[in-house]
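The task is simple: from the sequences and hints, build the whole structure.
If you read the sequences in order, they're chains B and W. For the first sequence, the working numbering begins at 1 and goes up steadily by one. For the second sequence, the working numbering begins at 1 and goes up steadily by one.
Possibly wrong hints are sitting among the right ones.
A pair holds if it fits inside one copy or across any two, identical chains being indistinguishable in the list.
[Said to hold, decoys possible] No more than 25 Å apart at the CA atoms, straight line, and that leaves these computed lysine-lysine pairs for BS3-like: (1) Lys-299 with Lys-111; (2) Lys-54 with Lys-8; (3) Lys-6 with Lys-22; (4) Lys-111 with Lys-132; (5) Lys-6 with Lys-299; (6) Lys-22 with Lys-132; (7) Lys-299 with Lys-244; (8) Lys-22 with Lys-8; (9) Lys-8 with Lys-132; (10) Lys-244 with Lys-6; (11) Lys-244 with Lys-8; (12) Lys-22 with Lys-299.
If you're looking for bench data, these hints aren't it; they were derived computationally from the structure.
Read off the chains here:
Number of protein chains: 2
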Amino acid sequence: MALPSKVKIVEVGPRDGLQNEKTAISAEVKIALIDLLSDAGFVNVEAASFVSPKWVPQMASSVEVMAGIRRRPGTIYSALAPNMQGLEAALAANVDEIVIFGAASEAFSQKNINCSIAESIERFRPVAEAAKRHGKLLRGALSCAFGCPYQGEVSTEAVADVVRRLRDLGCDEIDIADTIGVATANRVRPVMESAIREFPIERLSAHFHDTYGQALANIYASLEVGITIYHSSVAGLGGCPYAKGATGNVATEDVLYLMQGLGIETGVDLNAVVEAGRFISSHLGRPSNSRAGAALAAKLLS
Amino acid sequence: MALPSKVKIVEVGPRDGLQNEKTAISAEVKIALIDLLSDAGFVNVEAASFVSPKWVPQMASSVEVMAGIRRRPGTIYSALAPNMQGLEAALAANVDEIVIFGAASEAFSQKNINCSIAESIERFRPVAEAAKRHGKLLRGALSCAFGCPYQGEVSTEAVADVVRRLRDLGCDEIDIADTIGVATANRVRPVMESAIREFPIERLSAHFHDTYGQALANIYASLEVGITIYHSSVAGLGGCPYAKGATGNVATEDVLYLMQGLGIETGVDLNAVVEAGRFISSHLGRPSNSRAGAALAAKLLS
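Shown next, in the form of structure tokens:
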């Protein structure tokens with residue numbers, strides 16, 4: 001079976017990761033982290049979120065962060081914008097890509113943002129239109145594609161439906177996320193194929209969580225399906241809000257180790273990511289959540 | 001691609017796991033752990049090692065442990081026996097299966113046991129013959145099949161050569177182990193196929209380490225090759241002696257979560273293993289090394 005020869009890794013640690021960490025991280029440290037990641041060679045870094053600091057205090061420094069980072073030519077810096085106020089701030093900060101989101105689970109949508117999936121997509125319509133009007137890239141993040149903490153199972157039809165809605169809003173990329181990490185490898189093909197029927201495979205990304213240790217197996221299964229964009233988080237930043245003490249985002253170092261072993265080009269320097277992981281883990285005061293990161297750091301120190 | 005419908009999980013935590021933990025565990029706690037694992041439904045538990053306590057102090061209580069456990073009908077209790085003295089002790093303790101071992105790396109063999117691969121196999125010959133004469137099962141463990149901490153790469157020819165030697169000693173099962181956890185999924189097929197050419201696939205097992213987070217992806221790739229026996233360690237017991245702070249054996253809970261998701265029968269009760277993992281982790285005074293174990297334990301407590 002031929003796997004892709006090249007993939008794109010989207011580094012989400014500075015936003016999706018740090019947003020879900022309990023320890024507050026200063027703008028200065030975030031800026032240093034993003035610069036380290038840019039230098040490591042990522043072509044896409046999720047850097048900020050322009051949401052109300054009342055709801056997400058970890059992202060209150062987004063304006064300062066976007067103003068402080070060095071923009072590496074060729075790297076796309078992404079930010080979440082849940083509404084027009086957020087979009088205006090994101091435009092002012094000159095982000096390259098606007099991220100909007102929707103769940104594949106009605107129960108999750110209701111619990112998380114107090115409205116139906118269809119309503120949530122409609123609320124994003126002006127954001128999406130303004131983003132495109134300003135020449136920004138637009139990414140749609142589809143959460144709970146493999147299961148929901150409230151309703152349990154999520155059908156492939158529900159995934160396809162939200163992919164279609166995000167596509168119709170003009171998304172350049174759509175991210176299929178296993179928000180609670182419940183997927184096993186056999187579920188990857190049917191879910192991804194339901195998305196591929198609605199959207200070009202080369203602009204679909206996979207975002208796995210390692211809550212049950214399944215992320216790398218799921219990524220391998222996604223490579224077999226032909227997916228070429230993967231989201232991951234340096235040092236496995238970000239926990240799982242649905243199981244205390246459990247792991248969240250798959251760690252970038254583990255993903256890069258896999259790709260390197262498979263001979264798949266990423267353009268990212270694994271050792272530089274290990275260093276970035278050590279840097280942010282020391283500021284969080286805890287060991288890295290990346291197994292490859294911990295092993296490679298131990299080797300560097302020995 | 002059709003995966004196997006049923007696999008055997010060999011639980012190695014009480015021996016391979018605890019032997020590589022720094023914290024000393026009493027015979028009483030080991031006995032309780034093995035009994036919990038038997039009750040969970042494992043048909044094979046690696047329980048003891050009859051080696052000199054001078055070299056492996058963690059295994060000094062092996063006689064006491066084998067005498068103290070409840071023997072579950074249908075469960076095979078295995079023990080390492082590196083020489084005739086060890087074999088006599090293992091026979092006296094009435095173990096069901098004798099484990100002998102050899103490396104696929106000359107450098108590792110020399111560093112680890114001070115002799116060549118060929119010499120090490122010859123030293124096991126009387127042990128193997130006596131084990132068979134006494135009607136015991138015989139398992140050969142083949143370490144460094146995917147890479148060596150000293151020589152680096154290990155060829156598939158070297159793996160095939162040691163498989164052949166272990167087969168000729170009369171091994172009923174042969175275990176292909178990634179002792180330092182360096183394998184990625186693309187290496188699984190060539191290594192396993194080199195073993196399959198020498199030995200029946202249904203009696204070959206795969207033993208992966210999660211040092212770089214790759215174990216589950218490698219197990220998934222092994223299922224695709226058709227391997228039906230997997231070694232794993234409750235709570236991921238056992239570290240990696242080659243990288244301080246790094247992970248060792250793949251965690252049984254993560255493997256069971258994968259098999260359950262894939263609809264592959266194991267006969268083992270995952271929740272009971274999560275409980276066994278909590279029990280031994282509390283005695284080690286550290287969090288579980290199993291991601292599924294940690295997540296499921298958090299759910300049980302919430």
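Alpha-carbon proximity context of Lys-22 and Lys-132, limit 25 Å: Classified as neither; 34 Å inside a copy, 58 Å across copies.
Status of Lys-299 relative to Lys-22 across identical chains (alpha carbons, at most 25 Å): Between. Shortest inter-copy distance 19 Å satisfies the 25 Å Cα cut-off; intra-copy 29 Å does not.
Within, between, both or neither, where Lys-54 and Lys-8 count as close if Cα-Cα is 25 Å or less: Classified as neither; 33 Å inside a copy, 51 Å across copies.
Intra- versus inter-copy proximity for Lys-22 and Lys-6 (alpha-carbon distance at most 25 Å): neither (35 Å within a copy, 41 Å between copies)
Same-copy or cross-copy closeness of Lys-244 to Lys-8 [CA-CA at most 25 Å]: For Lys-244 and Lys-8, the Cα distance exceeds 25 Å both inside one copy (31 Å) and across copies (31 Å).
Identical-chain pair category, Lys-22 with Lys-8, by Cα at 25 Å: Answer is neither: 29 Å inside a copy and 40 Å across each miss the 25 Å cutoff.
Same-copy or cross-copy closeness of Lys-299 to Lys-244 [CA-CA at most 25 Å]: between (30 Å within a copy, 8 Å between copies)
Within, between, both or neither: Lys-6, Lys-299 at alpha-carbon 25 Å: neither (27 Å within a copy, 38 Å between copies)
Alpha-carbon proximity context of Lys-299 and Lys-111, limit 25 Å: between (44 Å within a copy, 19 Å between copies)
Homomeric proximity label, Lys-111 with Lys-132: Cα distance no greater than 25 Å: neither (29 Å within a copy, 62 Å between copies)
Homo-oligomer pair classification [Lys-6, Lys-244; C-alpha up to 25 Å]: Result: close neither inside a copy nor across copies, 35 Å intra and 32 Å inter.
Alpha-carbon proximity context of Lys-8 and Lys-132, limit 25 Å: So Lys-8 and Lys-132 pass the 25 Å test inside one copy only (22 Å; across, 54 Å).
When the structure is compared with the earlier hints, violations turn up for hints 2, 3, 4, 5, 6, 8, 10, 11 and for no others.
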